[in-house]
Amino acid sequence: MGDSQYSFSLTTFSPSGKLVQIEHALTAVGSGQTSLGIKASNGVVIATEKKLPSILVDEESVQKIQHLTPNIGVVYSGMGPDFRVLVRKSRKQAEQYNRLYKEPIPVTQLVRETATVMQEFTQSGGVRPFGVSLLVAGYDDKGPQLYQVDPSGSYFSWKASAMGKNVSNAKTFLEKRYTEDMELDDAIHTAILTLKEGFEGEISSKNIEIGKIGADKIFRVLTPAEIDDYLAEVE
Amino acid sequence: MDLLKVNWGRRKHSLFYYLFLASKQLFPLDLYLFSPNPFRFDQPSSSSRLFDFGRMSQSGVDVPAKGGFSFDLCKRNDMLIQKGLKAPSFLKTGTTIVGLIFKDGVILGADTRATEGPIVADKNCEKIHYMAPNIYCCGAGTAADTEAVTDMVSSQLRLHRYQTGRDSRVITALTLLKKHLFSYQGHVSAALVLGGVDITGPHLHTIYPHGSTDTLPFATMGSGSLAAMSVFEAKYKEGLTRDEGIKLVAEAICSGIFNDLGSGSNVDICVITKGNKEYLRNYMEPNPRTYVSSKGYSFTKKTEVLRTKITPLMERVEITEVGEAMEE
Numbered sequence: 255m256g257d258s259q260y261s262f263s264l265t266t267f268s269p270s271g272k273l274v275q276i277e278h279a280l281t282a283v284g285s286g287q288t289s290l291g292i293k294a295s296n297g298v299v300i301a302t303e304k305k306l307p308s309i310l311v312d313e314e315s316v317q318k319i320q321h322l323t324p325n326i327g328v329v330y331s332g333m334g335p336d337f338r339v340l341v342r343k344s345r346k347q348a349e350q351y352n353r354l355y356k357e358p359i360p361v362t363q364l365v366r367e368t369a370t371v372m373q374e375f376t377q378s379g380g381v382r383p384f385g386v387s388l389l390v391a392g393y394d395d396k397g398p399q400l401y402q403v404d405p406s407g408s409y410f411s412w413k414a415s416a417m418g419k420n421v422s423n424a425k426t427f428l429e430k431r432y433t434e435d436m437e438l439d440d441a442i443h444t445a446i447l448t449l450k451e452g453f454e455g456e457i458s459s460k461n462i463e464i465g466k467i468g469a470d471k472i473f474r475v476l477t478p479a480e481i482d483d484y485l486a487e488v489e
Numbered sequence: 037m038d039l040l041k042v043n044w045g046r047r048k049h050s051l052f053y054y055l056f057l058a059s060k061q062l063f064p065l066d067l068y069l070f071s072p073n074p075f076r077f078d079q080p081s082s083s084s085r086l087f088d089f090g091r092m093s094q095s096g097v098d099v100p101a102k103g104g105f106s107f108d109l110c111k112r113n114d115m116l117i118q119k120g121l122k123a124p125s126f127l128k129t130g131t132t133i134v135g136l137i138f139k140d141g142v143i144l145g146a147d148t149r150a151t152e153g154p155i156v157a158d159k160n161c162e163k164i165h166y167m168a169p170n171i172y173c174c175g176a177g178t179a180a181d182t183e184a185v186t187d188m189v190s191s192q193l194r195l196h197r198y199q200t201g202r203d204s205r206v207i208t209a210l211t212l213l214k215k216h217l218f219s220y221q222g223h224v225s226a227a228l229v230l231g232g233v234d235i236t237g238p239h240l241h242t243i244y245p246h247g248s249t250d251t252l253p254f255a256t257m258g259s260g261s262l263a264a265m266s267v268f269e270a271k272y273k274e275g276l277t278r279d280e281g282i283k284l285v286a287e288a289i290c291s292g293i294f295n296d297l298g299s300g301s302n303v304d305i306c307v308i309t310k311g312n313k314e315y316l317r318n319y320m321e322p323n324p325r326t327y328v329s330s331k332g333y334s335f336t337k338k339t340e341v342l343r344t345k346i347t348p349l350m351e352r353v354e355i356t357e358v359g360e361a362m363e364e
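As given, the protein sequences belong to chains S and X, one line each in that order. My numbering puts the first residue of the first sequence at 255, with every later residue one more than the last. My numbering puts the first residue of the second sequence at 37, with every later residue one more than the last.
No incorrect hints appear here.
A few chain X positions that, by computed beta-carbon distances, are all more than 12 Å from chain S: (1) Ala180; (2) Ser266; (3) Ala270.
DEER-style ranges, computed between Cβ atoms: (4) X:Ser191 with S:Ser408: 28 to 36 Å; (5) X:Arg278 with S:Ile472: 26 to 34 Å; (6) X:Arg278 with S:Asp470: 25 to 33 Å; (7) X:Gln221 with S:Gly284: 49 to 57 Å; (8) S:Phe410 with X:Arg352: 44 to 52 Å; (9) X:Ser191 with S:Glu277: 35 to 43 Å; (10) S:Gly380 with X:Met188: 29 to 37 Å; (11) S:Ser408 with X:Asn312: 43 to 51 Å; (12) S:Arg338 with X:Ala157: 43 to 51 Å; (13) S:Ile472 with X:Ser266: 39 to 47 Å; (14) X:Asp187 with S:Gly271: 45 to 53 Å.
It is worth saying that the hints were derived from the structure and are not from the lab. Glycine included, each C-beta is placed from N, C-alpha and C at the ideal position.
Let the sequences and hints guide you as you build the complete structure.
This is the structure in structure tokens:
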């Protein structure tokens, strides 16, 4: 891919053994809006800030949390357009898996394939790494699962994780508040509190987005009305 | 042995085809004398422009045409059939499939017999295929073709739904199917009745293997289509209720089941309305197995052993240690 002039990889090793482009990609992620995920005993919740650049933007048209399959959802921190491209590729891979094996794709498989795509862009000619980290939440036969995928293509399974601007505060907060036997509703409350920690301005159903998946294995993005209910409970 | 893979122009033919061609050629001696390349034949005037005698190819490697179906072998198959070779048979669905639009939506119906020539291969197969939560498709023709095509388009529709965030429309399914079938020029032998209810209302279409489509208030396809159509033509009217519609569809399928050899067994029905669908599998079973022996069946004469011979498949393996052990 790319011109012959650019058939070399733009992601090259530095003398210290680091891939500088990937470090920069992680910086891009670190300056993106905060997003987090929590794995409960009976489900997973993912949430993100939805700060729009201006009050004139129609907030209903912006959806940061997306479905990959009926039982897997994803949220990101970083560059929105890169996220769109990854979501499209992942959906296609999930569908291809389904057609070949006639079973819904397991969460680990989808995460692995998405991570492979991200890695390819760190080792090809004329392309740059993706400037997003993903939080993939799913519920399959192995139970609820939460994975984080980085621009380098590495992925980890987390019990709770955060990324973006407020990552250190959010992670400290989550470490304190996380318990193994949390239920899904508790997890949603904790997620809202974590977002509130570093939130600039007034938190409301218009500037956060929450997605959850329970034992019914159907990933849903909460409506603003539902978010309002949870916010009221948290108060 | 390069002759085996000669490239005439840009096509590759087997030795058989080459001999077939060569046997029809005259060998112009004068041109041979003048031609620097002994393998360079010139065309006699009578020979058609079918054979493009280009230069002998440099390599035996054949680069496949980019994408799509390669029709090279279809020509060979036709030639082999002309020579008397019997094509392998495949599972066809014989079939009676119908659809009609009623007051609140669409009703699809199908029989459940799959045939392989004169034999019933599957007494209870499913011919009504899922395309989308609000769209179903009945398939007649080669069973593999209908299943593969509906599966593929169902997959494409699902991806499309994710991208757009909307429910699929029947016309989308129709266009995806007809594009695919047309590009295969009728070689994908799938005749479909596609029905569903979307935001624009209830729709019913038929799709023919070559890629043409019809939009109709009631439709039948398959070998039993004439039997079923006669029932529809006599009794269909607009604004049928759900029960009337189901009764009419069942009657049409039964007409196909009893009057067509390629259709039989049970009746499957699928009712699609706005926001709801009911898949009534084996709605009617007009051909039950009437006699089953109450005593059961026993076979007294057991299998006789005439001769026993045991051949070990693996010879005994001898291990000899040679060389140094691997380093850690």
